[in-house]
Each structure stands twice: as structure tokens, then as C-alpha cells.
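J.: Chains as they are written, first to last, in this note's numbering: chain A, 1 to 419; chain B, 1 to 138.
In case anyone wonders, no lab produced these hints; they're calculated from the structure. It is possible that part of the hints are untrue.
Said to hold, decoys possible - Label pairs and their computed distance ranges (CB to CB): (1) A:ASP382 / B:ASP107: 33 to 39 Å; (2) B:GLY77 / A:ASP382: 37 to 43 Å; (3) A:VAL111 / B:MET127: 40 to 46 Å; (4) B:GLY53 / A:ARG118: 49 to 55 Å; (5) A:GLU272 / B:ASP107: 54 to 60 Å.
Stated by the list, open to error - According to the in silico footprint, chain B covers these stretches of chain A (three or more CB under 8 Å from chain B): (6) 52 to 63; (7) 95 to 109; (8) 193 to 201; (9) 363 to 370.
All values derive from a computational prediction rather than experimental measurement. All residues carry an ideal CB built from backbone N, CA and C; glycine is no exception.
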Amino acid sequence: MTTTTRMLVPAVLLLAPVVQAQSPASLEDMERRLEQLEMQQYEKQNNWSDRISVNGFMTYGVTRHDVHVRANNGEPIDYIDRTSDEISHRELSRAGIQFNATISDETSATVQVLARGRDDYDAQVQWAYLSHDLSPSVTVRAGRMVLPFFMHTQYNNVGYTYHWATLPGEAYDVVPFDTMEGVDLSWNLNTGPVSHRLNVYGGATDVPSFSLPAPVVYEVSELTGINLTSQWRDWTSWLSYSHAEVTLDLTDLAGPTGLPVAALEEPVSLDEAQTYISSVGLQYDNGAMVLMAERTQLGIEGWFPTKWGGYVSAGYRFGPWMPHVTWGAANAHGVSEAQSEGPVAANFSAANQVRSKSWTLGLRYELEVGVAVKLEAQRFYDMSNDKIMTNGLFTPQGSAPSIEEEEPTVFRLTVDAAF
Amino acid sequence: MLQKLSVFFLALCCPALSFAGLLVVVAESSPLAEMDRHEVRQLYMDNASRVDGHAVTVLDMPEGSQQRERFYQGATGKSASQLKSYWARMIFTGQGMPPRQVKNARDMVQQVKQNPRAVGYVQEADMQEGLRVLLRLP
Numbered sequence: 001m002t003t004t005t006r007m008l009v010p011a012v013l014l015l016a017p018v019v020q021a022q023s024p025a026s027l028e029d030m031e032r033r034l035e036q037l038e039m040q041q042y043e044k045q046n047n048w049s050d051r052i053s054v055n056g057f058m059t060y061g062v063t064r065h066d067v068h069v070r071a072n073n074g075e076p077i078d079y080i081d082r083t084s085d086e087i088s089h090r091e092l093s094r095a096g097i098q099f100n101a102t103i104s105d106e107t108s109a110t111v112q113v114l115a116r117g118r119d120d121y122d123a124q125v126q127w128a129y130l131s132h133d134l135s136p137s138v139t140v141r142a143g144r145m146v147l148p149f150f151m152h153t154q155y156n157n158v159g160y161t162y163h164w165a166t167l168p169g170e171a172y173d174v175v176p177f178d179t180m181e182g183v184d185l186s187w188n189l190n191t192g193p194v195s196h197r198l199n200v201y202g203g204a205t206d207v208p209s210f211s212l213p214a215p216v217v218y219e220v221s222e223l224t225g226i227n228l229t230s231q232w233r234d235w236t237s238w239l240s241y242s243h244a245e246v247t248l249d250l251t252d253l254a255g256p257t258g259l260p261v262a263a264l265e266e267p268v269s270l271d272e273a274q275t276y277i278s279s280v281g282l283q284y285d286n287g288a289m290v291l292m293a294e295r296t297q298l299g300i301e302g303w304f305p306t307k308w309g310g311y312v313s314a315g316y317r318f319g320p321w322m323p324h325v326t327w328g329a330a331n332a333h334g335v336s337e338a339q340s341e342g343p344v345a346a347n348f349s350a351a352n353q354v355r356s357k358s359w360t361l362g363l364r365y366e367l368e369v370g371v372a373v374k375l376e377a378q379r380f381y382d383m384s385n386d387k388i389m390t391n392g393l394f395t396p397q398g399s400a401p402s403i404e405e406e407e408p409t410v411f412r413l414t415v416d417a418a419f
Numbered sequence: 001m002l003q004k005l006s007v008f009f010l011a012l013c014c015p016a017l018s019f020a021g022l023l024v025v026v027a028e029s030s031p032l033a034e035m036d037r038h039e040v041r042q043l044y045m046d047n048a049s050r051v052d053g054h055a056v057t058v059l060d061m062p063e064g065s066q067q068r069e070r071f072y073q074g075a076t077g078k079s080a081s082q083l084k085s086y087w088a089r090m091i092f093t094g095q096g097m098p099p100r101q102v103k104n105a106r107d108m109v110q111q112v113k114q115n116p117r118a119v120g121y122v123q124e125a126d127m128q129e130g131l132r133v134l135l136r137l138p
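Input sequences plus hints: build the corresponding full structure.
T.: Structure below.
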């Protein structure tokens, strides 16, 4: 420090109060500047948190059913291939986290990772897409997305968003569709007081299936679809239709079935079979009462049976409590048509049959905003008739005795959170 | 005596204050003149980013604040938990993100005043110069 500056510092310090006292305006000025600086700092932080957002969801659940008879191989009977008569802490438990980064005013990137107890918490990417707003009401996305086949499929892992512990199995568990790689375009528009979201998409996916003697993969290509969500006051309607070509090579089943390869080639194996998936649904929520109904359908050209599922549900909110009741049903037809494709096709068709009805009684309790506890029991009935002999969504007849007399009931208790 | 009187007055005023209306506000410099409930709902629930052709930035009170709960009850008829469930559906399907939340009522006033694009809501008691009312909610 030079001598001059050494002398200047105390001089400035001495003068400072004098300057302040003499010109109060400059003090205000300084305060204003300070406030501006604080604001800038805040905006900087804000900008950062504006650009990247992290959201998550979680479910811890326990489930079991009450059918204690054994399958033909001595193993417990399964509900949807997994739940048995012993309590499972893993089947329903899962956690997901989503990162969303804003790249510009119009463009953003989203990645959502899901780890399910039933997959030993092996994390898998459910959503990974780039999104771009072509206009304030039109958005295009490209990447991996959960298929929008049915009314609730895209948020089926976020338990907090619906009143059940799990979505109605008759509609949502008959076909294990999950994600696709592709492109979608959404258009938000209003017609008078009704607001709509029209979504079209195209892509491809593979669907593993375990309903035949060995695991097989349905290759779904040329997948295109359209869906429309319309909202008017407390009502929301849903319409969707998707089309695809399904290829299924069954010649690998020659080993497990002991059949000659020739018997498993076309038409038993499917080559670009025309496939459609459709759904129509309605929701009403006036803040206290909730009503929901949906019907879903899947049809694949060839021996595969045409399957439909549906449910009607009603609930009422009493403060944090919400008791609800749901009737669900699933059915299939086309076994006799499959006979014309030969005995192997008819057998495979029969293995893909489903028939089931159920009543679900449940109670949802809102522990706090963002956390809900749910308890429910689902009783199944009417799983066979004179044409179809099934065990509904349980281990099929053929691999197990008929369980209808056992009055099969599935119990579930979950804690769901969204944050 | 004076103390007793002021307590009496406070007791009279407080219920009135807590039930005072909420105001949807913009800065004086905003090009927006008025808004109806349907438009407010679209802004806060449907990710609308424009009103009458003008780009807007929607500001919300923090989650858990009483003011926010009253605002959504008044403007959309939805409770805090219904709102949470609604936004969870929107967020995790990539259909939209909730409006940006400010820190508190003072922050709301400051941010609306500073940004001609901003739309926010304040309690009638927090109304001050530099803000313009677009809609009064009960």
C-alpha cells in the first residue's frame, strides 16, 4: 500500500458518515441498488431452478390373494403371473424420478427413470424425449414414451394420481404394453367451453408375453395411433384408436412343445398381422364425487382371440377419506374362428383366453397433500362359461384346477407419494 | 383503554381480513385489461401461455400456503390434494408443468410489478400502487 492510499482510507472512512448524512437521497440510492443486486441474485437462482426441474413418485405396497389351492406343478396359484397367497412387498413397490431440462422457450428434454420391486429395482428408462413447441398450442416429441393406449396408461406407475391401489386389472393387465420408441404430436384446442387435447403418434415396440409354453416376443411395428381427451366442466372424455402390424415367430416353441417346426410356421406364427387397440372412457369429478368408466379392446388378425376389458368405478370424498367401489369385466372371443387355423393355433388361442368379472372395494386416505394410503380388496367371479374355461387373471386352467369355487380375492395396501 | 379498544378493533377486523377477496393482478404496464374465471383457469391449469395474443408468465403462491388453496378453490373448485394429483398426471406424462411459485406474498407483489408479462394473485390487503386488478375472486 502506498503512503497516499494509506492516508486516503481513513479519510474516506471519516467522510463516509458525513456524506451519508448530507445526502440521504444517495442512501436510498444505495438501498435500491442493494435490492436490485439481491433481485439479480435471486433471479439467477430462479433461472437455474426454472431451467431444470426434478419430480418423483413412489409406491410402497403389499399384496396377496387368498387362494391356497396349488397349481398342477405344486407351485402357488399366481394372479397376473406374480402375486401369490403369500404377502409380497415387492410386487406393487416402485419409485420413479423425472428430470426435465428447458433448453429454450420452445424446447425441453425429459428423462424419467422407473425402478420396480418386481424387477428387483433394476432401473429402466420409461420416458426419454425431446419436446418442441411448434406453436403455443402444438407440441412435437421424439424419443421413448409410454404408450397412450388407454385412459390412464401413461401415468399407470404414479399411484398417487388415481384412487385405486392398482388400475383395474381387467382393462390394464390383460395386455402388458409399456413403452414405444417414436414421435408424437399434441394439439391443444378449444371448441366453445370444451377444451381438447388431440394426440397422434407413431413408433414401434416389442411386447414380451408369457401366456404360451415358453416366453415369446410380439414385435409391434408400423404402430400409429390417435387419441382425444376432451374436458368440459367436471367431465373428461377419452377416445383412442391405435393400429399396428404384429409379427410373432413361434418356431422357437418347437423345443418346449415337442411340435415339429412346420406346425409352428405361418399361420400359427404371425407375420405382420393387422392389429388394433381401442379405448373409450369417461370421468366425472366435481371435487367430492368421482365417477369413471372405460372399455378397452385388442384385436390381432389370425388365431389370437379378440379381448376386451372394462370397468365402472364410483367414489366419494369425505374430507381426506375416499371410499370407492369398482366393477370390472374382461372377456375374449374367437376360439372357434381359431379352429380353422388348425389345432395348434386353436390351442394357443385358448391359452390367450380371458374371462373375468370382479368387484373391488377400496378406501383411500389422504395422509397429507402428496401422500395417500390405500386399502382394497378385489373379489373375482364368473371366469368360465360353456365356451371358455379360464381362471380369469390367475394361473390358467390347464396349468391349475378351476379356482372359481375358492371365491378368489386379492388384497392390496399401498402408500403412494408424488413430489 | 386505548389498548382495549384496539384489541376490540383487531378482533372485528381479523375475520374480515381472513375472508377478504383475492385479486388476479398484473403490472400497470401490462397490456392486459381484464380476465374472466375461465381464462384464469386456463392459465393456471392448462398451461396456457397467452391471453388475447399477449405472452404471459404465470406466477403462483408456494405450495401449502392458505392463499394458494383459496385461490384454486375460488378459480377452479379444486382442493390442494386434487391439484397435486392433477399436476402429477401432467408432469409425469410430459403434458405440462405447474406455474412457477414465488417465495411469499411480498415476492409475488414485487415480481408482478417488475414484469409486464407476469400474472399473479394477491390478497386485497396486499394490493398496492403499480398493480392492476384483472379479476376479483370471492
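J.: Now tell me, hint by hint, if it's right for this structure.
T.: Structure-based check of each hint:
1. A:ASP382 / B:ASP107: 33 to 39 Å: For ASP107 of chain B against ASP382 of chain A, whose Cβ atoms are near 59 Å apart, the range 33 to 39 Å is violated.
2. B:GLY77 / A:ASP382: 37 to 43 Å: Holds: the Cβ-Cβ distance is about 39 Å, inside 37 to 43 Å.
3. A:VAL111 / B:MET127: 40 to 46 Å: holds (43 Å)
4. B:GLY53 / A:ARG118: 49 to 55 Å: Holds, since GLY53 of chain B and ARG118 of chain A (Cβ atoms, about 50 Å apart) stay within the stated range.
5. A:GLU272 / B:ASP107: 54 to 60 Å: Distance hint for GLU272 of chain A, ASP107 of chain B holds at roughly 59 Å.
6. 52 to 63: Answer holds; 3 residues pass the 8 Å Cβ test.
7. 95 to 109: holds (count 3)
8. 193 to 201: Contact hint for the stretch 193 to 201 of chain A vs chain B: holds, 3 residues under 8 Å.
9. 363 to 370: holds (count 3)
Violation of the numbered hints given earlier is confined to hint 1; every other hint is satisfied by the structure.
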